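Each chain, letter by letter, is given below.
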Amino acid sequence: MSLILDDVNRIAHLARIEVDAKEAEQVLGHLSGIFALIGEMQAVDTAGVAPMSHAQDLMLRLRDDAVTEADQHAAFQAIAPQVEADLYLVPKVIE
Amino acid sequence: MKWEVVIGLETHAQLSTRSKIFSGSSTAFGASPNSQASAVDIALPGVLPVLNRGAVERAIRFGLAVGATISPRSIFARKNYFYPDLPKGYQISQYELPVVQGGSLTVMVGDVEKTVRLTRAHLEEDAGKSLHEDFRGMSGIDLNRAGTPLLEIVTEPDMASAEEAVAYAKALHALVQWIGICDGNMQEGSFRCDANVSIRRPGEPLGTRCEIKNLNSFNFMEKAIQYEVRRQTELIEDGGRVVQETRLYDPDRDETRSMRSKEDAMDYRYFPDPDLLPLEITPQWIAQVKAEMRELPGTKRGLYLTGYGLSAYDAQLLTQSFEWSDYFETALAACGLADKAAAAKQIANLMTGELAATLNRSETEITDAPVKPGALAGLVRKCVDGTLNNKMAKEVFAAMWAGEGDADAIIEQRGLKQISDSGEIEKIVDQVLAANAKSVEEFRAGKEKAFNALVGQVMKATKGKANPTQVNDLLKKKLAG
Amino acid sequence: MLNFTLKQLTTELAAKRVSSVEVAEFFLKRINTLGKTLNAFISVDAEKTLTAAQAADRLIAAGKAGPLTGVPVAHKDIFCAKGWLTTCGSKMLANFRAPYDAHVIEQFNAAGAVTVGKTNMDEFAMGSSNETSFFGPVRNPWNTQTVPGGSSGGSAAAVAARLAPVATGTDTGGSIRQPAALTGICGLKPTYGVVSRYGMIAFASSLDQAGPFAKTAEDLGIMLNAMAGFDPRDSTSLERAREDYTRDLEKPLAGLRVGLPREFFAEGMSPDVAKAIDEAIAQYRKLGCTMVEVSLPNMKLSVPVYYVLAPAEASSNLSRFDGVRYGYRAPEYGDLSDMYKKSRAQGFGAEVKRRILIGTYVLSHGYYDAYYIKAQKLRRLIAQDFVAAFKQCDVILGPTSPGTAFKIGEKSGDPVQMYLSDIYTIAVNLAGLPGMSLPCGFDRANLPVGMQLIGDYFGEAKMLNVAHQYQLATDWHMRMPQGI
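In the order they appear, the protein sequences are chains A, E and H. Under this note's numbering, the first residue of the first sequence carries the number 1, and numbering increases by one thereafter. Under this note's numbering, the first residue of the second sequence carries the number 1, and numbering increases by one thereafter. Under this note's numbering, the first residue of the third sequence carries the number 1, and numbering increases by one thereafter.
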């Protein structure tokens with residue numbers, strides 16, 4: 001599978017990263033090299049092998065249903081780019 | 001040619017846990033903005049999710065209630081998309097291995113039973129809210145709701161009309177409250193439905209579906225589906241084609257419209273969340289949850305129908321919520337009568353009649369009714385033993401509601417005793433027959449209505465105190481004779 | 001004091017021959033001079049450091065000192081530390097003052113350790129040379145024209161240049177072991193789950209693991225004692241009884257089976273590295289060890305597998321950097337989507353963007369099975385290779401990196417070449433095993449060579465024993481760069 005410029009633009013949009021035309025060409029070059037390396041995986045037969053998501057074969061630990069958090073919005077919002085009336089401000093959300 | 005409507009529903013039920021699904025923040029509704037958004041909820045760098053046992057326990061309860069398979073092992077996945085109310089840039093949800101698989105819900109559509117199959121129910125976290133009041137062209141984000149546990153309940157496309165969809169949604173709404181996993185508050189968004197609607201010619205494969213969002217009341221759901229069916233029918237009949245898309249219901253204009261913001265060729269890039277290991281649910285855990293669960297509405301309905309001989313209508317109403325059924329059963333036990341069926345019938349009559357009407361009129365919940373089940377039992381005993389007829393029972397009930405005392409005291413005080421002395425009734429019946437010769441003649445000429453008029457006269461003469469059954473019997477006998 | 005080990009320093013502090021404040025001032029001074037030349041630190045806050053040192057001195061005076069009380073520690077700038085800038089080497093977080101402490105930081109604070117600063121690193125830990133940092137490359141104290149390795153290059157350079165006696169790092173594909181090797185010090189990546197990831201800014205969650213840098217294996221053990229431990233806030237943190245990682249240091253190695261993976265020695269190693277490793281093997285034979293040839297047949301695929309899985313997880317982990325709640329927001333933008341795109345394009349550097357794009361691609365519709373699932377299946381085969389190997393041996397030995405420190409700029413234009421420099425370390429992360437690097441010689445340019453030890457799951461104490469015994473017999477670990 002070889003990458004084309006459309007792929008770069010599609011994934012850049014999905015990842016919400018602005019990439020101009022010149023950058024896209026450069027990214028395409030780098031990604032093509034990396035995907036050639038990644039392509040080596042296809043040489044090995046993995047039929048019947050279970051995918052491994054975690055380093056340990058363990059089950060999830062659960063927490064008791066208890067409220068343990070206090071209001072910290074002042075501290076958290078002190079480092080926010082734009083806040084008003086305790087809300088995080090963003091360009092208008094259109095639904 | 002006729003069109004067949006195919007509807008599937010996806011419901012997001014907010015689970016009634018104290019804390020969020022992956023953090024220790026409160027889930028209480030209505031707090032000031034972002035005051036219940038912890039480091040985990042606002043996705044500070046470095047924070048990690050830890051699953052709330054209470055959310056899983058509620059999912060198990062639901063699975064048991066709908067006869068589903070509860071996965072011994074299920075997986076949390078990340079659903080990736082950018083939206084300001086989604087702080088991590090992904091929603092933790094379940095994708096390939098959900099916690100609840102299959103199951104079904106049987107509901108009454110009018111008088112007909114309908115079984116809706118469930119595809120699955122999975123655990124996920126809710127998003128925050130975007131507030132669109134104008135901050136000089138910007139939106140404000142409140143993340144208090146972000147991370148609230150949801151159970152997303154997905155049906156098969158088993159419903160064929162807006163009426164069926166609403167019946168299912170109402171039954172589901174009642175069930176999640178019955179089993180105590182969701183408060184069902186639709187105004188606060190605790191129970192939200194999306195409908196997948198398509199149409200097809202009978203026998204043909206499924207048509208292209210549209211997902212309708214913003215169905216936050218049963219009334220809107222019905223109207224939105226009806227509108228959408230009309231829209232799709234007209235579109236196809238005019239030679240057009242339905243496009244698969246998400247549409248928003250606008251209740252003000254009673255129409256659905258395309259949500260362009262969701263048109264963005266969504267590619268959610270689901271993958272197992274590396275921060276969360278597989279969720280294990282052991283048979284022991286399921287057994288424990290089952291042992292602690294209340295009897296389900298379906299089981300109760302069966303008992304009321306066959307054990308107490310109640311009508312399907314009564315049984316349905318008495319199981320509309322756990323509180324109703326609990327009221328009924330408490331009253332029944334308090335009656336202490338040997339003839340359970342008679343007592344049950346009388347309680348059902350009072351509950352579905354006077355109690356329901358009064359609650360409705362006064363906008364009161366049954367748990368807040370001033371007439372408690374034990375007090376109602378006192379009234380019921382007086383009905384069953386023939387002291388009161390229906391009309392008198394209504395009067396006593398109203399007095400009890402008004403706080404005038406218990407049934408016995410009110411009966412005593414108002415001298416409300418039904419006349420069941422047959423000699424006394426016969427005397428009055430004779431007087432009435434003598435005074436209403438015209439009605440008697442009409443009845444004998446075949447006019448059934450005249451009989452009712454005569455009953456009414458007898459009741460009037462006794463100021464409503466005569467035992468109506470005895471009056472009926474006597475009148476029939478005399479008129480026949 | 002310059003060349004004190006942690007153990008020695010603690011002894012001096014306990015005997016009150018030196019105070020924690022004096023120690024802190026000594027290292028702060030070095031950080032402000034040599035540290036600047038090497039660009040090893042992103043933030044230094046003398047006031048905070050000295051306040052902590054004073055508190056440590058009070059603990060020592062009260063006789064309440066533990067093994068780390070009053071000891072200066074340099075923390076990789078990936079750990080959130082309350083009140084400290086925590087940048088992760090990125091413009092995205094250049095002004096991010098963490099509002100909470102990572103579990104690792106809490107543990108050090110509780111032990112009375114003194115933070116001397118936050119060290120430079122590859123942006124979001126993505127890199128093998130420390131050249132991707134927004135704050136500029138770190139220089140290797142052995143030769144300032146060369147890289148210190150990455151991504152924990154600042155921490156490694158700091159310990160190597162004696163700017164701090166010990167430091168913390170994180171290792172997703174070799175980010176502790178490779179810089180340790182390239183700077184001639186020791187670094188250890190524990191078994192996945194031994195150290196809590198809470199408060200450590202995530203790169204690839206299923207691979208990330210924090211660990212220590214020090215001059216000796218013994219110091220690593222002392223550091224790991226402080227870092228390890230169950231943390232309920234990390235669902236992948238292991239609930240295990242506390243252990244003393246220094247408990248086996250003095251055990252003799254006679255009879256120990258050392259596994260030499262055939263694939264490690266097949267090709268790719270530079271001749272100087274090969275020679276140093278051979279000499280280390282010879283040393284272990286002298287110590288009574290038996291060499292066993294083992295095979296890790298799927299190891300060659302660990303680089304491609306890693307460059308699917310790590311970017312996939314990273315692409316999702318880094319979505320939270322969207323300019324809404326914290327971090328960089330572009331000064332000018334149009335609509336919401338434009339705000340996201342510009343903030344992320346400007347806030348992330350080229351390598352981070354590259355990996356986000358790779359990750360987005362391999363998870364996207366139609367490619368998930370061919371890339372992501374395939375890589376996860378191979379991950380299992382790679383892990384199984386180790387399980388088989390550990391049936392034949394007690395510890396695995398090999399090179400940490402195919403070469404020694406390379407020139408700044410030498411590989412930065414070619415991502416594939418850069419990625420291949422992690423060929424010996426990545427498989428360990430994929431399997432979740434513990435691994436460490438320790439110095440074992442020099443190349444002809446007098447740049448350090450590191451050897452890698454890989455332990456079985458929870459084999460940290462054994463690994464440290466194997467390293468310590470070597471260090472008792474050799475002195476590579478006590479060599480210092482010239483002119484520092």
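Don't take every hint at face value.
[What the hints assert, rightly or not] Which residues of chain A face chain E? A partial, calculated answer using Cβ under 8 Å:
{"no.": "1", "residue": "Glu69"}
{"no.": "2", "residue": "Asp71"}
{"no.": "3", "residue": "Gln72"}
{"no.": "4", "residue": "Ala85"}
If you are wondering where the hints come from, they were derived from the structure by calculation, not from laboratory data. Note that this is a predicted model, so its numbers are computed, not measured. C-beta: ideal position from N, C-alpha, C; glycine also.
query = Is the shortest C-beta separation between Ala85/A and chain E less than 8 Å?
reply = 7 Å, holds
Q) Hey, does the Asp71/A contact hint survive, CB to chain E under 8 Å? A) Since chain E brings a Cβ to about 4 Å from Asp71/A, closer than 8 Å, the hint holds.
> Are Gln72/A and chain E close enough, Cβ to Cβ, to be under 8 Å, as the hint says?
Replying inline: Result: holds, 7 Å to nearest chain E Cβ.
Can Glu69/A be said to touch chain E, with a Cβ gap under 8 Å?
With a closest approach of 4 Å, the Glu69/A hint holds.
The structure meets every hint from the earlier list without exception.
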